[in-house]
Amino acid sequence: MSQTDMAANSQRNPPPFPGSEDQDPLSEMADGDSDEGEDIFVGNRNPVAARTESFQPNTANGEEPADLFSEEDSGPAARSSNSPPGYKSSGVHSDDDSDLFAEASMELAGGGPSTAAKPSEAEAGPSPTTRKSTTQPMSMEQLEEDEVKDNFELDVAVTNPEKIGDGMNAYMAYKVSTVTTLPMFRNRTFSVWRRFSDFLGLYEKLSLKHSLNGCIIPPPPEKSVVGMTKVKVGKEDSSSADFVERRRAALERYLQRVVSHPSLLQDPDVREFLERDELPRAVSTQALSGAGFLKMINKASDAVNKMTIKINESDTWFDDKLQEVESEELQLRKLHTVVESLVNHRKELCGNTAVFAKSIAMLGTSEDNTALSRALSQLAEVEDKMEALHQAQAASDFFIFAELLADYIRLLGAVRGCFEQRMKAWQRWQESQSTLQKKREAEAKLLWANKPDKLQQAKEEITEWEGKVTQYERDFDRISVTVRKEVLRFEKEKSKDFKSQLVKYLESFLQSQQRLIKFWEAFLPEAKAIA
Amino acid sequence: PSSVPPVHPCLRDSGARSVSVDLNNDASLLIDIPDALCERDKVKFTVHTKTTLSCFQKLDFSVPRQHEDFIWLHDTLVETEDYAGLIIPPAPPKPDFESPREKMHKLGEGEATMTKEEYSKMKQELEAEYLAVFKKTVQVHEVFLQRLSSHPILSKDRNFQIFLEYDQDLSVRRKNAKETFGSFFKNMVKSADEVIISGIKEVDDFFEQEKTFLLDYSSKIKDSTAKAEKMTRSHKNVADDYIHISATLSSLSVDDNTKVEGRVASDEELKLTELLRYYMRDIQAAKDLLYRRARALADYENSNKALDKARLKSKDMAQAEEHQQQCLQKFDKLSESGKRELTSFKGRRVVAFRKNLIEMAELEIKHAKNNMALLQGCIELLKSN
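Heads up: the sequence lines are chains Y and D, in that order. Residue numbers for the first sequence follow UniProt numbering, beginning at 1 and rising by one. Residue numbers for the second sequence follow UniProt numbering, beginning at 1 and rising by one.
Derived from the structure by calculation, the hints contain no laboratory data. Since we're looking at a predicted model, the values are computed, not measured. Be aware that a few hints might be false.
Unchecked claim - Simulated pairs of lysine to any residue, SDA-like, Cα-Cα distance not exceeding 25 Å:
id, chain 1, residue 1, chain 2, residue 2
1, Y, Lys223, Y, Gln501
2, D, Lys103, D, Arg233
3, Y, Lys347, D, Ala239
4, D, Lys346, Y, Ala529
5, D, Lys230, D, Ala91
6, D, Lys369, Y, Ser240
7, Y, Lys347, Y, Ser240
8, D, Lys116, Y, Thr365
9, D, Lys136, D, Ser99
10, D, Lys383, Y, Phe498
11, D, Lys309, D, Met280
12, D, Lys366, D, Leu131
13, D, Lys135, D, Thr212
14, D, Lys346, Y, Ser508
15, D, Lys116, D, Ser99
16, Y, Lys358, D, Leu363
17, Y, Lys209, Y, Glu493
18, Y, Lys334, D, Lys123
19, Y, Lys385, D, Asn370
20, D, Lys383, Y, Ser240
21, D, Lys383, Y, Gln514
22, D, Lys222, D, Phe97
23, Y, Lys494, D, Lys309
24, D, Lys315, D, Ser337
25, D, Lys44, D, Tyr83
26, Y, Lys385, D, Glu229
As the list claims (entries may be wrong) - For the chain D half of the interface with chain Y, some residues (derived, Cβ under 10 Å), not all of them:
id, residue
27, Gln168
28, Asp216
29, Lys220
30, Thr225
31, Glu359
32, Ala361
Claimed, not checked - Pulled a few chain D residues facing chain Y out of the computed Cβ check, cut under 10 Å:
id, residue
33, Thr113
34, Phe144
35, Ser150
36, Ile153
37, Phe207
38, Ile221
39, Asp223
40, Lys230
Glycine residues also receive a C-beta, built at the ideal position from the N, C-alpha and C atoms.
Whenever a hint applies, use it, and build me the whole structure from the sequences.
Set out below in structure tokens:
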């Protein structure tokens, strides 16, 4: 299924939607750079759009990939055409025809290549009107139900870090376990062993394929030479245990983000990562880590910024959003610094409390009033318990709070990256337009000069470039749609993530306060017994 | 130039006295510090006396006093021979606003880097800290006076009465050069006392025990005080971090209510630290008594030696004898009152510790419960959104 089919059938950009009741949110979202923007979304009223954040553009073929488990914004189109909730057409089809699937995943803009379903949908008629008639929007409740169901289609966990080998060639292996009901996998439950470079390799593959489409690719955790060296050398202390645990948790979150992204989950590399027993060693990751890739993006964005930047569009959504993203990243960085300081201060508090406890115990032994002496030693014990509490709280500060912030700082970088991709797409389009213009001028000149043989060539070139302009324009629109969708999805995920992590953090705090109360309540009678 | 605002708080806080048991019991002489003013570096205390004693000219009067006046009073008492056998209440420490002032300065410098809300929160914290230091110093000065007023002998001291009543500036008296020199000399001698006190062969079991106990306890309580201070500071750092965090979170428009640690947790530790600090000084006062007694004993022994010498030489015997008698008397008097003082000191200490430890435990529980309510509220809010 190539672009030309689409070109033949649809005027411009893709996502014809099934009817939905609510026009307003969509008209805002129309790309400002084309006055056909309205058209795209006219009639794209999805009940889904009525939900606050999500704008559900479909894929290039105009259908929402039946996202196996996009928790929120899956195209109603796809769903509505699959009335039994949970029927995921792409899943089914992809089993039959993985090649098509693979190919499609490369070609299509983000939003997921449930290309397998494409044939059927495309027949339904690519034009918006046709689509409207064939696909009925589902009710809100049903869509939300689907969402909830989606959440449990695939669960992945990273556990059991094990050191393999010795000395400087040693590495940590992690068990990646998947539980799924998705038909595209061979089994329901399975696990494989992966090492850190495998994760980086996965990221690299996904980036190469999807970032040009404007997808937000979750970045993997950072490489750490120091941390790993300690582990390799066999240092059996708490800091290397901490490091391994931190990495394990980060890898798990990374995978969870990857599999919860509708398009990425469809990617065969992801499936292979989860399922295949032995993965070929990813060697190029030695050069390119998550941080490295981000650096590239940053450099690219700097370069782009120095050029004539503004995309001339009447829709300020992208501009505004990028600014939001940038300022949010700054805030998170600031917050992360403070949280790190909190972790350190709390560790200090731990130490000081322990020391104080010992000192009070000593004082108790030298106290000659028996009851007071006993009370003082009890106090020392309470302070010891407080130290343990502080210790646990510091761990919670770090693993829940600080890591959350670090993850999102990296993710926001990835978000910026996809804006850059859109910028590049725009530039390519603009450049092609100016090239076309030049070719036309050249043709005109040749006409004047009356050189028929060169004229033919010029005409051919014009046709070629006209095609390119059309394609690049379409690319740009497509990527715009994807970026918008991705960003909205990201924001929803982020809000959910933050909320759940904060709740977890506060709950751990709550627990520690409860235990604190118990300790002091036990101490009180001792204090009262002093005479 | 101090950026600290002049504070005129009303400090009547009856529950605040935790380091000593309620002292202001005797209606014939009631002292309190109802008010204090902070101007730059100087704190001016209003010392208020209500009395039925005839030695005073009025029944109800107030005078302004500075910290240096308190020191003068303390030093005068210490140098009074007659009080050698008494534990002189420790002098109140100099008001120290250095820490909050420094923080306020740093805050001012960093104002540009934080949001308005963060800045105002930090400022609030600092003002509260400043107020706490202020309250503490008033309390400590008040307790000093109340210990004097509740002491059967010291309350009758003429200088004490002058301190309470003299409505002119005391600084003239303070600047008495001789006295200054005297106390300087005294400090010099003190270190020699340490040697004396360990060298003296103790004849009295009670004092032997006391000596051992006090020396040991003194070093331990000093250690505990220092560690408690460190712990309190760490806790404050954590609390400050939470202010920054909650400010940044609210600017990210995530629900913030993480002022859960707050400074309230450090208040309990502050109490414990204060208790330990107070008793550290008090024990020093008790040790001083022991020194004086040891010196008296040394004097007595010297006088004995002198008498023996005089007898040998058959010269100045009457004088030597009289001197020896005086020394013996002094020593006995010291021992007797010393015993009394030390015993009551012990009792006082135990009671104060008890009160303070109970209060501390109760406060911890109360604040933890508050925190829990706050946290639960936050969690509900987040979950329902």
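### Query
Does the CB of Thr113/D sit less than 10 Å away from some CB of chain Y?
Constraint on Thr113/D satisfied, holds at 9 Å.
### Task
Measure nothing beyond the straight line between the CA atoms of Lys369/D and Ser240/Y; if it is 25 Å or shorter, mark the hint as holding.
Status violated; Cα separation ~37 Å.
### Message
Run the distance test for Lys116/D versus Thr365/Y: straight-line Cα separation, threshold 25 Å.
### Response
Not satisfied, since the Cα-Cα distance of roughly 51 Å exceeds 25 Å.
#### Entry: Lys209/Y paired with Glu493/Y [C-alpha distance capped at 25 Å]
holds (22 Å)
### Message
Need the status of pair Lys309/D, Met280/D: alpha-carbon distance at most 25 Å?
### Response
violated (43 Å)
### Message
Next item in the hint list is Ser150/D. Is there a CB on chain Y closer than 10 Å to its CB?
### Response
Since chain Y brings no Cβ nearer than about 22 Å to Ser150/D, farther than 10 Å, the hint is violated.
#### Entry: Status of the Asp216/D interface restraint (C-beta, 10 Å, chain Y)
holds (5 Å)
### Query
Does the nearest C-beta of chain Y fall within a distance shorter than 10 Å of the C-beta of Phe144/D?
violated (24 Å)
### Query
Given the hint that Lys230/D pairs with Ala91/D, does the C-alpha gap stay at or below 25 Å?
holds (23 Å)
### Task
Could you grab the alpha-carbon distance between Lys358/Y and Leu363/D and see if it respects the 25 Å cut-off?
At roughly 22 Å apart (the allowed maximum being 25 Å), Leu363/D and Lys358/Y satisfy the hint.
### Task
Report holds or violated for the interface hint on Ile153/D, using the least CB-CB distance to chain Y and a cut-off of 10 Å.
Violated - the Cβ of Ile153/D stays beyond 10 Å from chain Y, reaching only about 26 Å at its closest.
### Query
Measuring from the C-beta of Lys230/D to each C-beta in chain Y, is the shortest one below 10 Å?
holds (5 Å)
Violated hints for the displayed structure, listed by number in ascending order: 6, 8, 11, 13, 14, 20, 23, 24, 25, 27, 34, 35, 36, 37.
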